[in-house]
Structures are given as C-alpha cells and as structure tokens.
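Here the structure of chain A is known, so what remains is to put chains B, C, D and E in place on it, guided by the hints.
From first to last, the protein sequence lines are chains A, B, C, D and E. This note's numbering puts the first sequence at residues 1 to 100. This note's numbering puts the second sequence at residues 1 to 100. This note's numbering puts the third sequence at residues 1 to 100. This note's numbering puts the fourth sequence at residues 1 to 100. This note's numbering puts the fifth sequence at residues 1 to 100.
None of these hints come from the bench; they were simulated from the model. If you're wondering where the values come from, they're calculated on a predicted model, not measured in any experiment. Just so you know, even glycine gets a beta-carbon here, dropped at the ideal spot from N, CA and C. Among the hints, a few may not be true.
Said to hold, decoys possible - Here are the in silico distance ranges between beta carbons for each label pair:
| # | chain 1 | residue 1 | chain 2 | residue 2 | range |
| --- | --- | --- | --- | --- | --- |
| 1 | B | Arg89 | E | Gly48 | 52 to 58 Å |
| 2 | D | Asp17 | E | Lys68 | 27 to 33 Å |
| 3 | E | Lys68 | B | Asp17 | 18 to 24 Å |
| 4 | E | Ser95 | B | Ser96 | 52 to 58 Å |
| 5 | B | Ser96 | E | Arg89 | 57 to 63 Å |
| 6 | D | Arg46 | E | Arg38 | 27 to 33 Å |
| 7 | B | Arg89 | E | Lys68 | 42 to 48 Å |
| 8 | B | Thr39 | E | Ser95 | 27 to 33 Å |
| 9 | B | Thr39 | C | Val51 | 20 to 26 Å |
| 10 | B | Thr39 | D | Ile22 | 33 to 39 Å |
| 11 | E | Ser95 | D | Ile22 | 28 to 34 Å |
| 12 | A | Arg14 | B | Gly34 | 15 to 21 Å |
| 13 | E | Asn70 | C | Asp93 | 49 to 55 Å |
| 14 | A | Arg14 | B | Gln20 | 39 to 45 Å |
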Amino acid sequence: MRIGKVIGNVWATRKEDGLQGIRLLVIQPVDTKGNSIRTEFVAADRLGAGVGDHVLVTSGGSSRYIDKDNPIPIDAVIIGIIDSTEVKRGETDESSDRND
Amino acid sequence: MRIGKVIGNVWATRKEDGLQGIRLLVIQPVDTKGNSIRTEFVAADRLGAGVGDHVLVTSGGSSRYIDKDNPIPIDAVIIGIIDSTEVKRGETDESSDRND
Amino acid sequence: MRIGKVIGNVWATRKEDGLQGIRLLVIQPVDTKGNSIRTEFVAADRLGAGVGDHVLVTSGGSSRYIDKDNPIPIDAVIIGIIDSTEVKRGETDESSDRND
Amino acid sequence: MRIGKVIGNVWATRKEDGLQGIRLLVIQPVDTKGNSIRTEFVAADRLGAGVGDHVLVTSGGSSRYIDKDNPIPIDAVIIGIIDSTEVKRGETDESSDRND
Amino acid sequence: MRIGKVIGNVWATRKEDGLQGIRLLVIQPVDTKGNSIRTEFVAADRLGAGVGDHVLVTSGGSSRYIDKDNPIPIDAVIIGIIDSTEVKRGETDESSDRND
Numbered sequence: 001m002r003i004g005k006v007i008g009n010v011w012a013t014r015k016e017d018g019l020q021g022i023r024l025l026v027i028q029p030v031d032t033k034g035n036s037i038r039t040e041f042v043a044a045d046r047l048g049a050g051v052g053d054h055v056l057v058t059s060g061g062s063s064r065y066i067d068k069d070n071p072i073p074i075d076a077v078i079i080g081i082i083d084s085t086e087v088k089r090g091e092t093d094e095s096s097d098r099n100d
Numbered sequence: 001m002r003i004g005k006v007i008g009n010v011w012a013t014r015k016e017d018g019l020q021g022i023r024l025l026v027i028q029p030v031d032t033k034g035n036s037i038r039t040e041f042v043a044a045d046r047l048g049a050g051v052g053d054h055v056l057v058t059s060g061g062s063s064r065y066i067d068k069d070n071p072i073p074i075d076a077v078i079i080g081i082i083d084s085t086e087v088k089r090g091e092t093d094e095s096s097d098r099n100d
Numbered sequence: 001m002r003i004g005k006v007i008g009n010v011w012a013t014r015k016e017d018g019l020q021g022i023r024l025l026v027i028q029p030v031d032t033k034g035n036s037i038r039t040e041f042v043a044a045d046r047l048g049a050g051v052g053d054h055v056l057v058t059s060g061g062s063s064r065y066i067d068k069d070n071p072i073p074i075d076a077v078i079i080g081i082i083d084s085t086e087v088k089r090g091e092t093d094e095s096s097d098r099n100d
Numbered sequence: 001m002r003i004g005k006v007i008g009n010v011w012a013t014r015k016e017d018g019l020q021g022i023r024l025l026v027i028q029p030v031d032t033k034g035n036s037i038r039t040e041f042v043a044a045d046r047l048g049a050g051v052g053d054h055v056l057v058t059s060g061g062s063s064r065y066i067d068k069d070n071p072i073p074i075d076a077v078i079i080g081i082i083d084s085t086e087v088k089r090g091e092t093d094e095s096s097d098r099n100d
Numbered sequence: 001m002r003i004g005k006v007i008g009n010v011w012a013t014r015k016e017d018g019l020q021g022i023r024l025l026v027i028q029p030v031d032t033k034g035n036s037i038r039t040e041f042v043a044a045d046r047l048g049a050g051v052g053d054h055v056l057v058t059s060g061g062s063s064r065y066i067d068k069d070n071p072i073p074i075d076a077v078i079i080g081i082i083d084s085t086e087v088k089r090g091e092t093d094e095s096s097d098r099n100d
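Chain A with its partners taken away, still in its complex shape (with noise of 0.2 Å):
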C-alpha cells in the first residue's frame, strides 16, 4: 500500500454504474517523513478521510474488494486513515503522529 495525503475532490455527474454515491478524492503521494513523491492520482473513500488526512492507498485490482459481492470498476481505494507511523533507519528512530 501507498501512504498518501489527501489534497483535494473530483466531481463526475456522469460516471459508470456501481461509483453512484463514492466519494473521489485527490491523492498527493508522500514517504514516511511526509515528503511529496510522484504524482497525484485520484482514490475512491467510504471512510470519510478529509482534505490534510494521511491515509494508506490500495492500488490495483484489489480495490475492488471492498466489497467483496460488488466488484467496482476503481483502481485505487483508500484502505486506512493513518493514526501514527514508526520507521527505524541504521540507529534512528523516526516516529510520526499524523492527523493530530
């Protein structure tokens, strides 16, 4: 999964059947330290994340599983809203408390 933070919305009046009432945000990618990494893509959410929420991203196939009798036509999904992140490198710790 793919830690993103969440900078914006997509609107789609008219879209593929099974996206009715999911929502579409906009996902900037970003490592542990919260650092931009490549480009923006767009995610669908039935968390509730808000615009400056940390969240983790499935891509791929797999997003569909959400709901599991439904397969949607998506290719990312927003899986978790990130509370905290704990990474050791050599001899130093980094720990983030995100969303505080």
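Using the frame of chain A, we list chains B, C, D and E on its own:
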C-alpha cells in the same frame, strides 16, 4: 484512478471477442492543473466521452468490471467524465471547472 | 491499452499448461506517431498478427480473460490489429492509417 | 516478488473491514545485495516479521489471496521471511544469509 | 510477458501456505539481445528452470493462475523456458538461440 484528456480515436476491425461495440479512445494523462504527464494510452469508453473531455480512467484488472458478469480483456476504461476538481496545497486553493 | 508494433517471435518448448497453441510475439511499444517508447515485451496472440503490424495490447490481470472460462497465466495479449488512429492536439490533426 | 527489509510500522484505527487484526509494516525494497532501491511502501503481514527482517513481498491483485475464500483490499503482502539468497553473475558467486 | 535470465535462488522457511514446494528464483530482466534491463526480482518456478536459462515471466495477478483451482499469493511466475527469439527491426534480422 488517473485524470486524462481525450485526444483521439483508434479503430481496429480485427479484435478479440467482447470488444465489439466498445469505443477506443486515445487518452493523454494530465495532472490536476491540466498539464500533460507521461505517455498517451488507449482506454475503452461506454459513457460517450468526446475529444477534449477530461475523464477519470481506471487502469489494470478492475477495468474489466464495467460489466461484472462479462469480464472483457481491457486494461483501461473511462469511468467518469469530470465536471470539476478542487485541490488544496498548503495555503493555496486550486479549483477548475472542466468540460465547460 | 498500449499501442505496439510486432517486431518478432519467441519460441518455448517447455511451458506452463494452457499456453500450448498460443503464439508469443515480441512487441515494441510506440506512441500514436509510431515512435518507439520504452522497452520491448512479449504478448500472446490469437488474432494472427504479423511482424510489422500495429496492434493494441492489454496488459496485466485482464489479459487472461481472452477465454473467460479458462484463465491462463499471461500478462499481455494482443486484443486488436489497428486500422487507423486519429489524434487531435491543440489545433493540429494527426491521422494515420496503419498496416496498409 | 520483490525483496524488502522491514523498517517500521503503520497504525490506523479507522480502516476498511477485513483489515482488522492484520499488521501493516513499512518495507524498504532492496536488491539481492541488500542495497536500498526505490521508495518504501506498506505491506500486510501475517507471518510475524519484525523490523530488520528481509522478506519476500507479493504486490498487486494476488496479494489478497492470502485467504482464498476471503479476499481483502490489500496490494502488498509479506509471503516469506528470507533465510538466504544465492546469486551468480558471470563468474562471481554472491551468497548471503539473512536474518542471522 | 518479460524475458529474463535466471541468476539465483531464494530460500525462505517461514512462508504463506500454498507456497510450499514452489521454487523461488532470482530473475535478471533482459531485452531480446540479452542485455540486462531494470532490477532483478523473484519469480516462482514449476518448470525446473536453472541458473543461466532464459525464461518468459508473467507478472501481476495472472501469475496465480498456474493452478486455476488453487490461486496462490505470487506476483511473478516462469511460464516458459525460451528456445529462441527472432526480432526484425527495420532491415535487420536478429536471431538468437537460447539455452544451448
């Protein structure tokens, strides 16, 4: 999902079964500001998108689920025609109305 | 889907079941103007594409759905032989007839 | 599959169903010599891998098949904790015991 | 599919169910001329490929379909051992017999 701009069409007479009747559009990926990023690709379309439209494209294995009971061998499909996006980076707001 | 040009063949006697009788072609990815982009790869073919043909290639998990009831372990398949493409960038029209 | 080194943890209270009870680890991809390559990502873990372990990670749609009857929306999972690798390039042998 | 050269082995005692008895080989991706491209990765093998063999590798979600009734969490699998390739670029023919 990726944001893209429809820039053309592809025609193919000889094709795999299941692709009959599906439009094939050339998509230029763009960022939320409308700048071109990466290389163009081809996506299936059932929504009636036209050249110049900004669209939301699902890539990979989920694409085939535009018809759940009848998966077809495609890896990119237009799932929405974008009305507008709103992005907030730091203190700046960027809004854009598409397809006006 | 990606646009590619068929540039060769691969032969393998020892292979996984399910791949018997499927042709394996070397594909050079190209953009809509026919310029080579990225590295060549190998795609399965059931349409009878030949060296020099411009083709449409589906990658990833959807590839195996060329036979819905019999998914096979392939990650790239030719789904169409391109007749022509038409691309509009700004004020310029680019048309091309392929495989003539 | 990719080789990676476990470098940290991610905690998320609000998450999609099906992710309850699954550990989320930060992975630094490495080559067979242990050098860091590319950007860190997050993988699910059911094997009990710890910080410092070298692991084998499956990405993409297959990840969800750690429980065949219960696919979950993840795109990276630790499928093995590496004991050792042996690589032969030209005339040189490179062996390494991991996690000792 | 990608062309690769088998350059080594990976051993893991603790692993996910379903991976028991499957060999894990280190693959160096190569182009049709045999030049190394990109970073090595690990693929499952049931065909008995050995170090030095040129092989055809399927990546992503289709990999798990080497056993249709028993999908396993792998994202790369050797589907063929290459006998030979033939590539035509412009007026030049490139043939190569592999594994002789």
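>> Assuming the hint says 27 to 33 Å, is it satisfied by the Cβ distance from threonine 39 of chain B to serine 95 of chain E or not?
In response: 30 Å Cβ-Cβ, so the 27 to 33 Å window holds.
> Would you say the C-beta atoms of arginine 14 of chain A and glutamine 20 of chain B sit inside 39 to 45 Å of each other?
Replying inline: violated, 23 Å
> Are arginine 89 of chain B and glycine 48 of chain E spaced within 52 to 58 Å by their CB atoms?
Replying inline: holds, 54 Å
>> Is 49 to 55 Å respected by the C-beta to C-beta distance linking asparagine 70 of chain E and aspartate 93 of chain C?
In response: Taking Cβ atoms as reference, asparagine 70 of chain E and aspartate 93 of chain C lie about 52 Å apart, which means the hint holds.
> Has the hinted range 27 to 33 Å been met by the Cβ atoms of aspartate 17 of chain D and lysine 68 of chain E?
Replying inline: holds, 28 Å
> If you check the beta carbons of serine 95 of chain E and isoleucine 22 of chain D, does the distance land in 28 to 34 Å?
Replying inline: Taking Cβ atoms as reference, serine 95 of chain E and isoleucine 22 of chain D lie about 50 Å apart, which means the hint is violated.
> At the C-beta level, are serine 96 of chain B and arginine 89 of chain E separated by a distance inside 57 to 63 Å?
Replying inline: Roughly 43 Å apart at Cβ, these two residues miss the hinted range, so it is violated.
> When you take the CB atoms of threonine 39 of chain B and isoleucine 22 of chain D, is the distance between them in 33 to 39 Å?
Replying inline: 36 Å Cβ-Cβ, so the 33 to 39 Å window holds.
> Are lysine 68 of chain E and aspartate 17 of chain B spaced within 18 to 24 Å by their CB atoms?
Replying inline: Holds, at about 20 Å.
> In this structure, is the beta-carbon distance linking arginine 89 of chain B and lysine 68 of chain E contained in 42 to 48 Å?
Replying inline: holds, 47 Å
> Lying within 27 to 33 Å: is that true of the beta-carbon distance arginine 46 of chain D to arginine 38 of chain E?
Replying inline: holds, 29 Å
> Are threonine 39 of chain B and valine 51 of chain C spaced within 20 to 26 Å by their CB atoms?
Replying inline: holds, 23 Å
Of the numbered hints stated above, those contradicted by the structure are hints 5, 11, 14, listed in ascending order.
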